[in-house]
Structures are given as structure tokens and as C-alpha cells.
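Chemist: Listed here are the chains, written in short residue letters.
4 protein chains.
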Amino acid sequence: MLQIADKTFTSRLLLGTGKYPSFEVQEEAVNISKAEILTFAVRRMDIFEPSQPNFLEQLDLEKYSLLPNTAGAKTAEEAVRIAKLAKSSGLCDMVKVEVIGCDRTLLPDPVETLRASEMLLDEGFIVLPYTSDDVVLAKRLVDLGVHAIMPGASPIGSGKGIINPFNLRMIIEQSSVPVIVDAGIGSPKDAAYAMELGADGVLLNTAVSGAADPVRMAHAMKLAIEAGRLGFEAGRIPEKDYAVASSPNEGLIT
Amino acid sequence: MLQIADKTFTSRLLLGTGKYPSFEVQEEAVNISKAEILTFAVRRMDIFEPSQPNFLEQLDLEKYSLLPNTAGAKTAEEAVRIAKLAKSSGLCDMVKVEVIGCDRTLLPDPVETLRASEMLLDEGFIVLPYTSDDVVLAKRLVDLGVHAIMPGASPIGSGKGIINPFNLRMIIEQSSVPVIVDAGIGSPKDAAYAMELGADGVLLNTAVSGAADPVRMAHAMKLAIEAGRLGFEAGRIPEKDYAVASSPNEGLIT
Amino acid sequence: MLQIADKTFTSRLLLGTGKYPSFEVQEEAVNISKAEILTFAVRRMDIFEPSQPNFLEQLDLEKYSLLPNTAGAKTAEEAVRIAKLAKSSGLCDMVKVEVIGCDRTLLPDPVETLRASEMLLDEGFIVLPYTSDDVVLAKRLVDLGVHAIMPGASPIGSGKGIINPFNLRMIIEQSSVPVIVDAGIGSPKDAAYAMELGADGVLLNTAVSGAADPVRMAHAMKLAIEAGRLGFEAGRIPEKDYAVASSPNEGLIT
Amino acid sequence: MLQIADKTFTSRLLLGTGKYPSFEVQEEAVNISKAEILTFAVRRMDIFEPSQPNFLEQLDLEKYSLLPNTAGAKTAEEAVRIAKLAKSSGLCDMVKVEVIGCDRTLLPDPVETLRASEMLLDEGFIVLPYTSDDVVLAKRLVDLGVHAIMPGASPIGSGKGIINPFNLRMIIEQSSVPVIVDAGIGSPKDAAYAMELGADGVLLNTAVSGAADPVRMAHAMKLAIEAGRLGFEAGRIPEKDYAVASSPNEGLIT
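Residue numbers (numbering that gives the first Met the number 0), protein chains in the order written: chain A, 0 to 253; chain B, 0 to 253; chain C, 0 to 253; chain D, 0 to 253.
Calculated from the structure, these hints are not laboratory results. It cannot be assumed that every hint is accurate.
Heads up, incomplete: computed chain C residues facing chain A, CB under 10 Å, no partners named [to be verified]:
hint, residue
1, Met-0
2, Leu-1
3, Thr-104
4, Ile-171
Which stretches of chain D does chain C cover? Using the computed rule of at least three CB atoms under 8 Å from a CB of chain C, they are [what the hints assert, rightly or not]:
hint, region
5, 195 to 207
6, 229 to 237
Glycine residues also receive a C-beta, built at the ideal position from the N, C-alpha and C atoms.
Build the full structure now, drawing on both the sequences and the hints.
Modeler: As C-alpha cells, then:
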């Protein structure tokens with residue numbers, strides 16, 4: 000069970016809602032993924048504009064927790080403003096802090112992310128910052144009191160998977176709140192790997208919405224995250240440089 | 000569906016039967032894995048010795064296909080002799096050709112593996128050779144007429160996972176028979192990766208039997224292989240060097 | 000030529016002075032490395048204690064530039080204090096800012112590193128901060144006005160080499176001041192790689208002082224850094240998935 | 000010193016002669032590389048055609064050893080025929096056996112390579128087979144009596160570097176003749192890495208001839224190979240998961 004603040008979730012997959020080919024595909028992908036937390040960019044959702052159809056309207060809000068993100072913010076103040084806009088809808092009290100510091104890589108700004116997290120905690124939000132895999136930065140965010148941390152595996156949308164498993168493992172080992180690996184996941188093996196490192200969850204968007212068949216990929220990711228979690232719990236064999244026969248020679252019939 | 004010769008299997012996980020802590024754990028692991036093909040070292044199974052308990056006796060042979068392997072063989076002739084011993088039991092007509100050429104790494108001998116495969120094909124066996132990831136060797140085995148090829152991900156029991164995904168992908172692209180990645184898988188992510196590369200199946204032993212909790216790991220591997228297969232079919236996103244926002248800026252509310 | 004502030008160096012190798020087996024080995028390693036910048040931990044060098052022999056006394060200070068580091072500092076204030084102690088010796092006006100945020104990994108603290116860099120710039124130091132490979136943090140340090148940035152390849156003393164070449168390349172492409180890859184280099188290939196990514200220099204310590212033969216390794220590193228730089232300038236071939244014959248078939252004699 | 004059969008070489012870099020922009024660039028690259036062994040495709044060099052200018056004519060054959068390769072051969076018999084053609088020129092008694100088994104990857108055919116090597120040894124050649132990184136195949140070639148083995152790092156011309164350092168290390172540890180890493184090297188770090196693994200030499204072609212500045216890259220590779228060899232001899236530090244301070248805390252001034 001994934002626990003964030005006082006909420007408990009059965010699924011460890013958090014799914015983004017951007018860039019699906021259609022609402023229908025998106026809905027089917029969400030269903031098959033069994034995700035319970037859906038993230039969306041506040042600045043792209045016109046929550047207050049009833050004339051414009053949007054995905055949220057079609058959601059059974061009893062079934063899902065919404066995790067608005069502050070994509071588009073470049074400063075803490077912008078992030079806070081976006082978060083408040085989302086909260087004012089009455090649909091959510093969690094927020095994914097996303098303050099980008101580089102337009103080319105969309106990597107997060109450590110300073111503004113820290114500031115925004117602090118300000119939003121003061122405002123009573125449930126705060127989940129998207130951060131780089133900087134180990135000490137993650138620790139500082141945890142020390143601030145955030146409710147989960149979301150280190151990136153690699154740049155958003157890059158599909159490069161986990162570039163630095165060492166840092167992720169350190170972040171996970173040092174964190175007293177859930178660690179949700181966010182950004183960069185490209186395929187099921189990457190999601191499984193994040194979970195094997197001990198992550199509490201994985202947030203996906205492009206890897207699913209951008210796949211040739213998003214619904215099938217959503218299913219694949221659901222299974223991969225379960226597989227990775229079970230693998231983590233099961234305790235994998237150590238890596239060895241030399242082979243060890245699975246069919247030992249003792250007691251051979253000759 | 001995995002098809003080998005005239006047999007069809009729903010599961011793409013082939014499970015080895017060596018080195019489990021107990022028969023009970025092994026049985027439970029086999030059950031939860033949903034494996035339909037079980038492999039075992041002929042030289043370790045005293046098939047003809049009714050006084051000695053062994054795992055095969057407890058199996059419902061309607062449910063499983065047995066894949067005896069020729070572990071312990073260092074020449075084609077030894078492999079053929081072991082394969083015939085297995086066949087004489089009346090329990091199986093498939094054989095995994097395993098001729099080791101290096102005691103330290105347990106890596107296969109290409110020359111003897113080719114010879115043994117040819118001899119066993121002449122004898123009417125269904126032949127699945129364990130081979131290195133040498134691309135041309137795999138092609139030659141396929142050209143011989145083997146019924147599946149089983150390239151190693153890394154040395155047996157090493158848990159190093161897929162060292163050379165390039166070679167595996169080439170082998171898979173060039174093969175007209177099923178490719179089952181065998182040896183070296185360490186954790187679910189590795190099994191998923193093999194499937195994402197397009198493999199038709201994965202053979203596991205130590206990664207399951209040597210895990211702290213073999214039953215849970217068997218479950219993890221089952222899911223990982225399904226996840227990897229679905230991921231392959233779903234068509235993953237390409238890797239990009241630069242980020243692509245999953246929450247695009249067009250149409251932002253400002 | 001490596002240019003830091005108003006100083007110009009022929010060598011792109013910066014050498015640490017910690018943990019050599021003896022002063023003699025250290026001296027020989029320094030000589031053969033052709034390093035012109037030597038770094039040392041101020042808190043380990045009793046610069047003011049004439050009774051205690053130390054490496055600096057034996058140096059020809061005309062030949063070398065000293066780069067004291069603030070190892071041991073956990074806050075910006077401590078770092079500043081240590082830097083001033085070093086400067087008061089009259090031996091140096093550069094300082095490597097090193098503020099550790101994690102005792103286990105010795106990874107740097109982004110917040111205190113930023114603060115310390117700002118304070119030291121205000122005091123007129125030539126400031127070279129040791130930082131993680133966080134891309135936006137590096138950009139912020141450059142924007143502050145530091146004279147070079149020193150991202151780590153992997154944790155200090157780990158010998159893991161460059162874990163995240165993507166981040167390093169981004170840092171290098173975005174930086175208007177020299178980038179010196181610091182920490183984690185294990186062997187010559189790692190140093191060459193840093194330079195091939197476009198780094199302006201490499202700082203080494205444990206990889207040399209901890210080698211079985213530090214003098215020979217110092218020589219190896221000197222050559223590797225030159226090789227990597229030349230390789231960067233020479234423009235390497237792109238990676239291709241499929242082979243391209245170096246002995247093309249056109250015009251074959253048959 | 001690199002010793003192949005009864006010949007001794009100071010340089011550990013073997014350079015291919017294909018695909019340079021011009022003879023002049025090639026000559027300069029050869030000079031700066033300090034290579035003593037030059038390899039060329041017999042089928043591309045019209046050794047017997049005096050009207051056609053070719054690189055060999057311009058060489059001081061006192062200074063270089065020629066290593067003709069059998070590129071273009073797909074069978075042992077073709078390789079032997081090409082090798083004899085080369086030998087008949089009176090210019091060389093060494094031959095690099097190159098029998099390709101896959102047009103797409105240009106990976107070598109293990110069976111024909113073994114056969115060709117055996118036939119050429121019988122004919123009294125000094126035999127250096129290009130092979131995959133299959134560990135047992137390399138051992139079999141050594142057992143045949145070849146004078147050096149040349150495992151590929153990755154496919155010819157791919158620039159992918161060393162994909163499987165484990166296999167290369169095994170091949171090197173088991174070989175009683177020189178191991179020269181051939182094919183796939185992309186940049187100086189790759190060449191250094193091959194040498195750090197304990198290789199006796201590196202054969203390069205495309206990485207140099209295809210670089211934007213082949214002469215500078217030839218220089219870079221020369222240094223990288225020296226650096227890697229020195230690094231191997233110097234004994235690198237082990238990789239550690241956790242950091243070890245190069246500036247230890249003992250004896251700190253506080």
C-alpha cells in the first residue's frame with residue numbers, strides 16, 4: 000500500500016493525463032492501469048470553463064485522487080499561484096510541485112522547488128515535489144516536511160529510463176516519506192527497475208500516452224510496477240562475476 | 000502464444016528446477032509462475048531410481064512439458080547420450096542442448112553445441128540449444144533447423160542481466176524460430192527487458208530459486224514477462240536526448 | 000589552455016594531495032602528472048604549524064597554483080571560515096567550495112554550496128564550487144558568477160566513473176565558465192570520457208593516490224586527459240546501430 | 000612491448016588504412032599514431048597493378064609491418080585464397096582472418112573463422128583471427144595455435160565501444176597469446192578501456208579515418224592506448240558503492 004499523507008492507495012502507478020490521442024484512449028488507459036492518482040497540468044486544464052470539454056469532467060471523482068502539477072511555473076510564486084488555482088476548484092488538496100529551470104531539458108530548479116515546497120507546506124497543501132536525483136536536495140525536501148518526493152529518472156519525455164540508479168537508491172534509503180520515481184521512464188523494464196530499487200511508486204505519462212498503443216502500454220506498466228515491487232520484496236540474487244551453475248554437479252549420474 | 004515445434008504454450012516463462020530450498024517451495028514457485036515448461040538437469044535427476052524421491056514424481060505431467068537439459072556435457076557425444084537417457088524415460092521429446100566450454104564462466108562451447116544440435120536433430124529430437132549471444136552462431140543454429148534458440152543474457156547464475164542488448168536484438172530479428180533468453184537474468188527488470196527486445200520467452204532458474212523468497216520472485220517474474228511482452232507489442236516511445244514536455248505549453252491558461 | 004579567472008594553465012589535470020603512501024610518492028606523482036593546480040583540504044594542512052612537516056612546504060610555489068578546498072564544512076559559514084583561513088596564508092586566492100550534505104555519500108549540499116559561493120564571491124575569492132551533476136544547480140552557480148564549476152562524476156572516492164554523461168554534457172554546453180569534472184573518476188578511461196564530453200579539466204585524487212602504483216597512474220591520467228581533449232577536438236564518429244565496413248566492398252578484386 | 004609470433008612492437012596501436020579522406024591525411028595519421036602494424040583489405044588493394052597508385056607504395060616498408068585482412072571472404076576457402084594472394088606479394092606473412100557471417104552487422108562467422116585459421120596455420124601463416132567476444136570461441140582459437148586473437152568490442156564501424164567488458168576480460172584472462180581488441184572502438188575512452196581490461200593492443204580504423212580530424216584523432220588514440228596500458232599496469236582503485244573521502248577527517252584543524 001502506498002501512503003501519502005493520510006491517503007492510502009492500492010496502486011503504485013501514478014498516471015499523467017497529457018497528450019493522449021483521444022479521451023477514449025485515455026479513459027481506457029486509465030482504467031486498465033488501475034491508477035488511483037491522476038496528475039494533470041493545471042495550466043492546461045480549464046477547470047472553470049464549462050463550455051470546454053475536458054477529461055476531468057468525465058472522471059468518477061470518487062474513484063480517483065487528482066494530483067495537479069504546476070507545469071509552466073518558473074518561480075516558486077508562480078507554482079504557488081497555480082497550486083491555489085487548482086485547490087480553489089475543490090477537487091484536490093495535493094499538488095505536484097514542478098518548477099522548471101531549463102527549457103531545453105525541462106529539468107527542475109532546485110532552489111525554486113525548495114522555496115515553492117516550503118510556501119505550499121505553509122499553506123497547508125499536501126506537497127509532492129518533482130526534483131532531480133540530487134541526493135542532498137531530496138533530503139532537504141524531506142526535512143522540509145514534504146509528503147513524498149518525486150525524483151526524475153531522466154528528463155521528462157526522454158524515455159531514457161534510469162540513468163543513475165545509485166542516486167535513486169540513496170534517495171530511497173534516506174527518505175522517510177514515499178519516493179515516487181517521476182519522469183524519463185521509457186518502457187516497462189524501467190518502471191520495474193525503479194520499484195526494484197525500492198521506490199514506493201512510479202509516475203508515468205509520455206511512456207504511456209506516446210506509445211503506439213497507449214492502452215496496452217498502460218497494462219504493461221501496471222504489471223511491470225507490480226513485478227518490480229514483488230521483486231524488491233522477494234530479495235533478488237546478488238550479481239556475481241563468475242557463473243554459478245543452477246544445475247550443480249554434485250550427485251551427477253555418470 | 001509461444002510455439003515450439005508443434006507445441007503451443009500460453010506462458011512465456013520457462014522455469015528451471017534446480018537448487019530450491021525445498022520441494023514445497025519449488026512446487027509453490029512453479030504454481031505461481033504459471034510456467035508450462037520445466038527444465039531440469041538429466042544428470043541430477045535419477046529418473047530410473049524409484050527409491051529416491053524427486054520433483055518429477057510429484058508433477059502432474061499432463062500440465063507441464065519437460066525440457067531436460069544436458070548440463071554436465073562437455074562434448075556433443077556426451078550431450079547426445081544424456082538427451083537419449085532423458086528420452087528413454089518416455090517423459091519428453093524436447094531437449095535443451097547445453098555443452099559448457101569454460102568451467103569458470105559456464106559459457107557454452109559453440110562448436111560442440113552446433114555438433115550436438117545437428118546430431119540430435121538427426122535423431123528426431125526437438126532441439127533447443129543454449130548458446131552465447133554470438134549473432135552468427137545463432138543464425139547457424141537456426142539454419143541447422145533447431146526448434147528454438149536460447150542465447151544467454153550473461154553467465155549462468157551471475158544475475159548480471161542483459162549485458163549486450165544489441166546482440167540479442169539482432170538474434171531476435173534474424174531468427175525464424177522462437178528466441179528464449181536463457182541464463183544471467185537477475186531480477187524482473189531483466190526479464191521484462193528481454194521481452195521488450197522481442198524475445199519469445201525467458202528461461203529462469205537461479206534468479207527464482209536463489210531469491211530470498213523464491214515464491215514471491217516467481218510471481219514477480221511471471222508479471223515481468225507479461226509486462227515486457229505487452230510493452231513490446233505496445234510499441235515504446237523512442238529515446239530522446241532532449242526533453243519533451245508531457246504537459247505541453249500550447250493552450251496554457253496564464 | 001585552461002583559463003580560470005585571469006590565470007592560464009597548460010595542464011587540464013588538477014591533482015589532489017590527500018592520502019598518498021608517502022611524500023616522495025606524492026611528489027613524483029605530481030611531477031609526472033604535469034598538474035599545475037594542486038588541491039588540498041585546508042583543515043588537514045596545518046599551514047601555520049611550522050613544526051609539522053607538510054607537503055606544501057616542499058612545493059616550489061612558483062610552479063604550482065594552490066586550490067584549497069573547504070572539505071569538512073557542512074555550512075556556508077564554515078566554508079567561508081575555512082576559505083579565509085587558507086587565504087590568510089598568502090598562498091592562494093582560489094578556493095574549491097566543498098560543503099558536504101551527506102556523510103555517507105559525501106555528496107554536496109546544493110543550498111549551502113550556493114550560499115557559500117555567493118558569500119565567497121562577495122569577499123573577492125576566485126570561487127570553484129564542487130557540485131552534484133544537477134543541471135539547473137550548475138546553471139545557477141554559473142549565473143552567480145563563479146569562476147569554474149566542478150560537477151562530480153560520481154561520489155568522492157567511489158571510482159564509479161561517469162554515471163550520468165547526459166547531465167555532464169548539458170552542464171558543459173550551458174556553462175560560460177570552465178567545467179572541471181571532479182570526484183568519482185576511477186581510471187584513465189573515465190578521465191578521457193570527461194574530456195570527450197567537452198570538459199575543460201578533470202580533478203583527481205583517490206584514483207591516483209589510491210592506485211597500486213600512484214606515480215604510474217598519475218602518468219596514465221595525464222595522457223588520458225590529453226587523449227580525451229584531442230578526441231573532443233578531433234570530432235568523434237557517430238554511434239551507429241548497424242555496422243559500416245571500414246573496408247568497403249566497392250572496387251574489390253575478385 | 001607487444002609480441003606477435005617472433006615480432007616485437009613498441010606500439011600497441013594497429014591502424015587500418017581504409018576510407019581516409021586522402022593519402023596525405025592517411026600518411027599523417029599513420030605517422031602521428033606511431034603505429035607499427037598497418038592493416039588493409041587485400042581485395043581493395045591492387046598490389047599487382049602498378050598503374051594504380053596506392054598507399055602501400057608510399058610506405059617505408061622497413062618501418063611498418065603489414066597485416067592484410069581477408070575482408071570480403073564469406074568462407075574459409077575464400078579467406079585462404081585472399082591470404083595467399085597477399086603473401087605472394089612478398090610483403091607480409093601475417094594475416095588477419097576476417098570471415099563475415101552477417102551482412103548487416105558484419106559480425107564474424109565463428110565456424111568459418113575457426114576453419115580458416117586452422118587452414119592458414121597449416122600453411123605456415125602468422126594468423127590473427129577477428130572474432131566475436133564469445134569466450135569459448137576465443138579459447139578454441141587460442142588452442143588451435145593462432146598467434147593473437149582479435150575480439151570485437153562491437154560491430155565494425157559502429158563506434159559503440161565496448162559493449163561487453165565482462166567477456167573481453169574473460170578472453171584476456173584465458174588467453175596465452177596477445178589479445179587485440181578490434182572493431183567498434185568509437186573514441187579514445189573506448190581504446191583506453193580496452194587496454195585497462197588488459198588487452199595487449201587495439202586495432203582501429205573508422206574511429207580514426209572517419210573522425211572530423213583524422214590526424215588529431217590518431218594522436219588522441221595513441222595517447223589513449225598508452226594511458227590505458229599504464230592504467231592497467233598501475234592497478235586502479237576498486238569501485239565502491241559508498242564514498243571514501245580523499246580528504247579524510249582525521250587530524251582536522253577545527
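Chemist: Take the hints in turn and mark each one as holding or not.
Modeler: Hint check:
1. Met-0: violated (28 Å)
2. Leu-1: violated (26 Å)
3. Thr-104: With a minimum Cβ separation of about 6 Å from chain A (threshold 10 Å), the hint on Thr-104/C holds.
4. Ile-171: Ile-171/C check fails; min Cβ-Cβ to chain A is 13 Å, beyond 10 Å.
5. 195 to 207: Holds, because 4 residues of the region 195 to 207 of chain D bring their Cβ atoms closer than 8 Å to Cβ atoms of chain C.
6. 229 to 237: With 8 residues close enough to chain C, the hint holds.
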